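Undergrad: The chain contents come next:
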Amino acid sequence: MHFVEVGCKPGVRDVLGQAVKARLEEDLSAGVKGLRRVAFIDVYRLECLLSPQEAERIGAELLRDPITQVFAVDQPVEGGFDWSVTVSLHQNVTDNVGIAAREGIEDLLGRKLDEGERLHYDRKYLFWGDLTEAQVRDLAGKALANDFLEHCRVERGSHA
Amino acid sequence: MPELRVLDRKPADLVRLGKEAQLHLNEGEFAAIQKYFERLGREPTQLELETIAQTWSEHCKHKVFNGVIEYVDERGHKEIIDNLFKRTIRKATERVAGEVGWLVSVFKDNAGIIAFNSSHHACMKVETHNHPSALDPYGGANTGLGGVIRDVLGCGLGAKPVANTDVFCFGLPDLAYKDLPSGVLHPKRIAKGVREGVRDYGNRIGIPTVNGAILFDARYTCNPLVYCGTVGVLPKGMESKQARPGDKIVAIGGRTGRDGIHGATFSSAELDESVSTSVVQIGNAIEEKKFLDVLLKARDLRLYSSLTDCGAGGFSSAVGEMGADCGARVDLEKAPLKYAGMQSWEIWVSESQERMVLAVPPGNVERLVKLFADEDVEASVIGEFTDDRLLSVHHGGQLAGQLDMAFLHRGNPRLEQKASWKPKPFEEPVFSEPKNLGSLLKRLLAAPNIASKETTIRQYDHEVQGGSVLKPLVGADLDGPGDAAIMRPFFDGWAGLAVSNGINPLYGDIDPYWMAASAIDEALRNLVAVGCSLERVALLDNFCWGNPKDEAKLGELVRAAKACHDVAVAFKTPFISGKDSFHNEYTVGGKTVSIPSTLLISALGVMGDVRQRVSMDFKQKGNPLYVVGKTFQELGGSHYYRLQGAVGRSVPRLVVARARKQYAGLAKAAAIGVGKKNRDRVVRAMHDCSEGGLGVALAEMAFAGGLGCEIDLRKLPREGVERNDYALFSESNARHLVEVNKSKRTAFERLLRGTDFACIGRVTGPGRLVVKGLQGETVLDEDGKALKKAWKGTLNW
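Line order of the protein sequences matches chains Z and R.
With this note's numbering as the guide, the letters of the first sequence map in order to residues 1 to 160.
With this note's numbering as the guide, the letters of the second sequence map in order to residues 1 to 797.
Hints are computed from structural coordinates only; laboratory data are not their basis.
Predicted, not measured: the structure shown is a model, and the values here were computed from it.
Fair warning: there could be bad hints in the mix.
As the list claims (entries may be wrong) - Here are the computed lysine-lysine pairs in the BS3-like style, where the Cα-Cα straight-line distance is at most 30 Å:
1. Lys297(R) x Lys112(Z)
2. Lys792(R) x Lys435(R)
3. Lys112(Z) x Lys334(R)
4. Lys86(R) x Lys35(R)
5. Lys289(R) x Lys112(Z)
6. Lys192(R) x Lys789(R)
Stated by the list, open to error - Partial pick of chain R residues on the chain Z-facing surface, computed with a CB cut under 10 Å:
7. Tyr177
8. Asp259
9. Asn284
10. Phe431
As the list claims (entries may be wrong) - From chain Z, some residues computed to sit far from chain R (all C-beta separations above 10 Å):
11. Gly80
12. Val93
13. Leu109
14. Tyr121
15. Phe148
The beta carbon of each residue, even a glycine, is placed where N, CA and C say it ideally should be.
Pulled out of the complex, with its shape left as it was, chain R reads as follows (with noise of 0.2 Å):
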């Protein structure tokens, strides 16, 4: 690749000799970075460039979050909004901190951190690998979970992963060969390269897969969305960390190859046919457990001072953020490469996998080397921190690039955007309601976004590490869709963590506000279901969206954002941790195809007693079901809906009191009893309506459980619903399906009291799913098995 030259040209031109040579800045940038050069009176070097290039993207600067956007709303009020990011997230995070008294570290480490129990703290992160999973299915999965394991053994100290998740979103997985773009890799050889990278890192590297969703819209064909996400614990005490001017910078790990150069920067860019192939990375789980295991030891005995992943820039991002106090200096031909023959810059931002970069106090390093390469793994010191505020890059005993971090870190120009937001034109669909209610709950389940996962959930382990407590499936034959997953990290007491997803871009489609809303909730609710309660959870974001350039998407983002803040706000669930990831769009022909706005809460909820599990399957024939929650004509975005070939208006809302009131007796509920024996709890079963309505959760909850149910939909909670379909399949947020112990019901009413609450019917014996209408009359009456096979056929590749 040639130097590219930049002093004394025009910005306008450096932006396309730039996306040529893959830097991806934009004319602002270019123009800060020629000011910084003309005053230092020379050309930057190729290395100096990439580096800048790299911890400018928006990978590593999340500079569209962080910019300033010129926001209108649907009113034509104007608004600036200074950051969005310090401005929704960051400040419900603010807002409730001091009620809460539980968050530990949030929004600077790798992943956040909370309080756990009397000697660990608990910590998340997760983790987009989008662009990688695109042009390499199996390597963008693989090295997508190999990173979020990575950031979160970087969390403080070092946190021991003890759970993975994983949320795809995939093309349809029928979609013709005939009307597959050009470049593009069919959806469903994505769907299962993406399970098999997966797979073979969370399994071989032994941490548990035990949380996930797979949606599927036809959007998503050139730009698969892969979600991947890791929980770990951390001993108290290590939650912060430090470089110190003289500390060794240690690589550990893998070598350094041509593989992955221009991740970061490729961020901010679009996809279109030429992308290049060394962008990919391909990972090697074995590679990082043997220094996984290794790097926990060196932990416990104090080895480092600071340590962080080296992931999307490689060095140049882990050696520039670990020295942005102090200053670093790196000699790059220390750095163990695959082969020779790698130019300098090649060698600092290579994202070649399974490497971290320590700080290492100097007498500690022999002692470090040695512990590593017992276990065969290679540590080498490739430079030390200092105190000049200079990153300083040599190779060959020359000077390769050299870089004020002030200007590295802070120099680049804000982001200056517009946004705007106008409903969209979209009106409630007109048709009578349909007679064969069964014909279309059995569609629904068989709807690939509703479908059973299992033949993907069984391909990954759930049960390495021993902890976990509530698993992916449940119920009589293992196979019903557990609510969330719970673990039980440590075996001397019953505190346990449990985690779910909430997701919903089709609500995005009418209201973005009303899509983060609704997938807070039900992370949330998914929770509560397991017997969680909500007195400890956290929350994390992931906003996958189109181009920010595009003022309606960006509008989209502020509204979904303007949400997040209101909601967390109101069940005080703070974020800890978030990821974002823009340019998802996809030009083939001069036609470009956006994603649809996508944005994934994940819930991370402490639980004093794991034994307060409950899972969602029917335990026991003639106890009483109740549902808990309101249920409205609220079938804008449903599957319902969809079938029907609509969009709708009517998007679900929330209110997060009544919400929080409902969840704070139904987790009450759950704890009664515990540790007795569970026949003899108040809530036996419990699940939450969220796709395709009560009327999936209800058939879900009885074949889960081997067991049928009658209602009687005239004693449901509702407002302003007077159709069966529309009461059965209305996707109205903060509802809970609940079997009572039919002895315990008064207890149950009690704690319940003062929420939108009924009696609903009754779980039977094997056979049957029957629903009596609003007018009495018998309007569904379908064989639980035969429901169970529609729901099992759609994904079972």
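Bound conformation, chain Z alone (with noise of 0.2 Å):
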């Protein structure tokens, strides 16, 4: 069981992140007013058995674009946040990412996953500013995640 977290290459414009926080400011007018900055995190969930250096591979070779993007294994790929917000879909609901994730594996390895071995796909917002966990929770609920497909976890950074 590894994750795989792949974020922007500092310098990098991190669009997606920006694109974010543009939204949350703009549609939702209440309670955002503190937000600093937001990041956006791919989050690959390996249920596979897998070795380190396998992992460290499909990070660097697979799903990090090596111009635009840094990964990490097993570990987060940008700290100093004041709080993330994880968004993962329901149990059955099909995960494409996932799907194509597990074929590019199969692919880089050159062999078949079992059946039992899972992969999942997640996506992270990094938030800077001062925000309250409640007011976090209402952005999550508002414009992140749908309750009918997803749920989301919630949790302070090292700054907060």
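Quick one: dock chain against chain with the hints and give me the complex.
TA: The structure is reproduced here in structure tokens:
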């Protein structure tokens, strides 16, 4: 069991993160004044029998774009934030990114994964700013996750 | 879910239990089911009940349109309408079919088919995906588009999709969160999610999104409407198909999972706070693209004898329909699944996306499966078509369900409903003519329904496949609102297809008859505006309505359908396909909100030569500006009245004979000089007057061309219009604004002889829009750039 996080390389504009920040500020008038920065992170949870070297290789050669992105295996790719929101699909909701990542891993490693080996894709949003937990939960519910398909986990970062 | 026992139970109790089980069958239907199984002397299996519920759902059976309606009109006159669809929409097509001679297949296939060029037919289908988009805007729109693309793929023996259209109706984007009903997503979130869903599916699958519309009204807050359309081309000779006994049933594409269970039956229900998550499907454009390409290869090799989309109702619907005339036997354990542990009925009715079903002669199966496997697409034999007229579904060596095809497809009782229509008690508003028409024009341009949709359109690829001749955004800075899109699907000839839409639910608030007439006229005059003649134009209807059990709502449907008949016959533009979506209402806290009765008309026109295309932006200073068509004092349901806080009652009407003559003249004028330099053509720019009337049309033409204009309202062909604001903002139908080559005025006027037209002014250099009023004084003098800024500011998110 490993997880790979992929984020924007320092110095490269995090377009997705900025778009989310703009959306939160423009669409949700109340309670987001204290937001300073949002970063967007792809999270791949690999519930597979992989060696640490294989997980590292998957991050480096498959999941990140070497020009614009950085990755980390089994640890956060970026720290120092105030809050994080991780959005995961409910069980049995088709996870297209997870399915594509699985095919990619099989191609990369040259072997089929076992039926029981699972792969999940989550979206993670990192927030910097003066926000309370209630505010973060409100934002997540209104703009980041759809209860019908997804659930989210709100966590405090090292700053908050 | 527990099995539902139906024998020895009161139908009324079964309705309630059925609703809990998401079957949504009515009393009469349960009574028919009881009778059928009493005769067999056994209880139905869950799979059988699910199959019946899906087959008899509103989505699949169109029960409202096909039922019996007792209709009382505004004079108290009673009429029994036995099958509204056959008496209106279909009748219109039958009445003009003989005369037009280019209809190939109407109302029977997944899409309507018309003759196009020497080698191909054209087809089109427009679907709605409203309920799913309310719950998951991204996924709902995604799969709405994916589904309609598969409809075209499943048309005839498989048409190649060449263009998509999309029309959305949302709640007001600036709604305060405190006013948002519980369990409902914010309209702006829905709007953005739907837009992204269409973008990601259309762009990734490589089909251009070329035309559309977005409307906003508070009543769409809980029930957004998402219409997705696809145009395709089909080789001649491939328009008919038939599954034969002995043919293998082959499922292709994605695997089956638990996503999208009960989507079809869900269409028969009203939304409330307690819907299940399983009704939403998740789309995957890449999966569909993979089988799209290989399917067309298999088609050209003639490897299968029939196919259909696996959409609402899943295998149950696809296999049940294909085998309706012969019979089918399915072994569910052969269907590839996303995961283990699914029950028989779940596999059978799952609406997992990106799947189709083929009927393959046994001798071709091996070749077909290999062809698909080579392209990394799964193709699995899950059964075969039989000649026993039974639908038999097996799972794990056991019979999970068996139904007579005849009972399944014809055993449902007809719906009997009551409908009535009375004119609404709206009055014309009384207010004096405002002084500052310029600021009113700006407010109209900034109204969400009129404002620029550029931020949405720019997210869509309208260039892929390389065939879009006239694009959704036109003009000097490529940001003017094009009236219709024109595609040229084959590069070895000039023949093309023009696509447009007409929709205006505000008129329906006053009178659905004139709403429908106006929507048809709008779609047609949009085609005329881009230079397409109406000689070969087909229409598609899409009714999105509230609860049909409401007599008044159903009365509105009857009235709109009657107008569809009358106007389509008079224009000689037959309907070729359509769709209806009812129960677009939402109950929260005991209060029910219904959408405005909304009819979308899509028009598909065949152009012999796409070089006839005309765009709407002003081209050259000094050219005369004509208005073709008379302006009446028709502001009921207009955006101008809306600004004044009123609905009014003077809804725009239509005299088709007059409109037809104008349109024929305009199409001829647009065709003169084709193939020569554009500046030598007679018609240089054309735009229709619709929402916001003449004033908005003038402003759009001016700022799209980066030019100005001077007009004189005294010259405007009009009747009963004595105020400048009414002259500028009346929304009378059948009007075009035309920039004519100044050296070709005579030719233009000759072609329009006998119609109401006049030269009302001229195009001026960059700068201002100047209007002289009915008394000869200047009533409006605005900077074009400022008007454009107002128009672009509202929806720039």
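Undergrad: Would you mind marking each hint as holding or not holding in the structure?
TA: Now the hints, each set against the structure:
Restraint check for Lys297(R) and Lys112(Z): satisfied, since their Cα atoms lie roughly 29 Å apart, inside the 30 Å limit. For the suggested pair Lys792(R) and Lys435(R), the alpha carbons sit about 24 Å apart, so the restraint of at most 30 Å is met. Proximity of Lys112(Z) to Lys334(R) is assessed by CA-CA distance (about 22 Å); at most 30 Å being required, the pair is judged to hold. Among the hinted pairs, Lys86(R) with Lys35(R) is consistent with the structure: their alpha-carbon atoms are about 29 Å apart, no more than 30 Å.
Among the hinted pairs, Lys289(R) with Lys112(Z) is consistent with the structure: their alpha-carbon atoms are about 24 Å apart, no more than 30 Å. Between Lys192(R) and Lys789(R), the direct Cα distance comes to roughly 22 Å. Compliance with the 30 Å bound is thereby established for this hinted pair. For Tyr177(R), the shortest C-beta to C-beta distance to chain Z is roughly 7 Å, which falls under 10 Å, so the interface hint holds. Hint on Asp259(R) holds. Least Cβ distance to chain Z is approximately 5 Å, under the 10 Å limit.
The beta carbon of Asn284(R) is positioned within 10 Å of a beta carbon in chain Z (closest approach about 5 Å), and the interface hint is therefore held. Contact between Phe431(R) and chain Z, as hinted, is not supported at the beta carbon level, the nearest pair being about 33 Å apart and thus beyond 10 Å. At roughly 29 Å from the closest C-beta of chain R, the C-beta of Gly80(Z) stays outside 10 Å, upholding its exclusion from the interface. Distance check for Val93(Z) against chain R: the nearest CB is about 6 Å away, which does not clear 10 Å, and the non-interface claim fails.
Non-interface call for Leu109(Z) relative to chain R: holds, since the shortest CB-CB distance, roughly 18 Å, exceeds 10 Å. Once the 10 Å rule is applied to beta carbons, Tyr121(Z) is consistent with being away from chain R; the minimum gap is 12 Å. For Phe148(Z), the requirement that its beta carbon stay farther than 10 Å from each beta carbon of chain R is not met, with the minimum near 5 Å.
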